[in-house]
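*Asks:* Chain residues, written in single-letter form:
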Amino acid sequence: MKRSNAPIFWSLFGAGGMLAALTGPFLVFVTGIAVPLGWLLPHDLLSYAHMLAFAQHWLGKAFIFAVVSLFLWHGAHRIFHTLHDLGIRTGAGARLICYGVPLLVTIVSGYALLTLGFK
Amino acid sequence: MSGQASKRRPYIRPMQGWWRRNPFFMRYMAREVTAIIVVIYALLLGWGVVRLAQGEAAYEAWRATLGMPLMLLFHAVALAVFLYHTWSWFAIMPKTMPMIFIGGKKLAASTIAGLGLATAVAATVALFLVVEWIRP
Chain A
1 MKRSNAPIFW SLFGAGGMLA ALTGPFLVFV TGIAVPLGWL LPHDLLSYAH
51 MLAFAQHWLG KAFIFAVVSL FLWHGAHRIF HTLHDLGIRT GAGARLICYG
101 VPLLVTIVSG YALLTLGFK
Chain B
1 MSGQASKRRP YIRPMQGWWR RNPFFMRYMA REVTAIIVVI YALLLGWGVV
51 RLAQGEAAYE AWRATLGMPL MLLFHAVALA VFLYHTWSWF AIMPKTMPMI
101 FIGGKKLAAS TIAGLGLATA VAATVALFLV VEWIRP
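Chains as they are written, first to last, in our numbering: chain A, 1 to 119; chain B, 1 to 136.
Hints may contain errors.
Stated by the list, open to error - EDC-like cross-link-like pairs, simulated, lysine to aspartate or glutamate; straight-line CA separation at most 20 Å:
| id | chain 1 | residue 1 | chain 2 | residue 2 |
| --- | --- | --- | --- | --- |
| 1 | A | Lys61 | A | Asp85 |
| 2 | B | Lys95 | B | Glu32 |
| 3 | A | Lys119 | B | Glu56 |
| 4 | A | Lys61 | B | Glu56 |
| 5 | A | Lys61 | B | Glu132 |
Unchecked claim - According to the in silico footprint, chain A covers these stretches of chain B (three or more CB under 8 Å from chain A):
| id | stretch |
| --- | --- |
| 6 | 38-45 |
| 7 | 58-65 |
| 8 | 75-86 |
| 9 | 113-124 |
Rather than coming from a laboratory, the hints here were simulated on the basis of the structure. Quick caveat: nothing in here was measured; it's all calculated off a predicted structure. We put the CB at the ideal spot given by N, CA and C, even for glycine.
Same shape as in the complex, but just chain A:
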């Protein structure tokens, strides 16, 4: 019997959902509201120098990579299954987009983070 690949995608969905539940509100507030407005937090918190240093630290790098990649695996998997619930017949095309985009972003962001080097 061919083994199902469902557990892999379900695990990525679950991990992303958990990470989003624990860190999502904090991240959106900091990156999207507090820092751009300079409200409660300094505008320089996400400055180039500071962000570069954060992304060059192995822990910061791992955190950024996990957030970008797992959030996408989570969201795209959920969207794919919701299409089915809405009565939209999903085929290879929808599968390619819903799982191809997270894969592509995982590779591109992983590569970008690696080019920043380690310090």
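Dock chain B against chain A, hints included.
*Replies:* Only chain B this time, still in chain A's reference frame:
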């Protein structure tokens, strides 16, 4: 099917608006729709990572984009949606995880959800402490 295509149109069960019929389904759909915002936010961050790797000018341009009114509006909506994601994620956790028995008694759903939400609050506080620690 014996290789002969049927001339009849196959019956396709209508699926329009089924989730509007029941508050339980509405909550289910609200939960599912949060995924759209999660995906957009992740793409925005991923874009920022690429811009960071491209150098200071590219990264600062990305940062300037985040300060646009439309982006601030998106993040205000996203914050509400992420909070709903957090709440709903732990509210359904009793159903998505294996049952836990303590002393022969099943751990109550409200206990699991409560512990999950408490963990989310603790994680948020911890992350703000990290920010305080590393802020310039």
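*Asks:* Indicate, hint by hint, whether the structure satisfies it.
*Replies:* Hints, verified against the model:
1. Our distance criterion of 20 Å between C-alpha atoms is broken by A:Lys61 and A:Asp85, whose separation comes to about 36 Å.
2. The suggested pairing of B:Lys95 with B:Glu32 holds, with an alpha-carbon distance near 16 Å, which does not exceed 20 Å.
3. In summary, the hint linking A:Lys119 to B:Glu56 is supported, as the alpha carbons are separated by about 18 Å, within the 20 Å threshold.
4. Distance restraint check for A:Lys61 and B:Glu56: the Cα-Cα separation of roughly 18 Å lies within the 20 Å cut-off, and the hinted pair is therefore satisfied.
5. Straight-line distance between C-alpha atoms of A:Lys61 and B:Glu132 comes to about 19 Å, which keeps the hinted pair within the 20 Å bound.
6. Against chain A, the stretch 38-45 of chain B contributes 6 residues with a C-beta closer than 8 Å to a partner C-beta. That satisfies the three-residue criterion, and the hint holds.
7. Coverage of the stretch 58-65 of chain B by chain A holds in this model, with 3 residues showing a Cβ closer than 8 Å to a Cβ of that chain against a need of three.
8. Counting residues of the stretch 75-86 of chain B whose CB lies closer than 8 Å to any CB of chain A gives 8, which reaches the minimum of 3, so the coverage claim holds.
9. Against chain A, the stretch 113-124 of chain B contributes 5 residues with a C-beta closer than 8 Å to a partner C-beta. That satisfies the three-residue criterion, and the hint holds.
Violated hint for the displayed structure: number 1, the only one.
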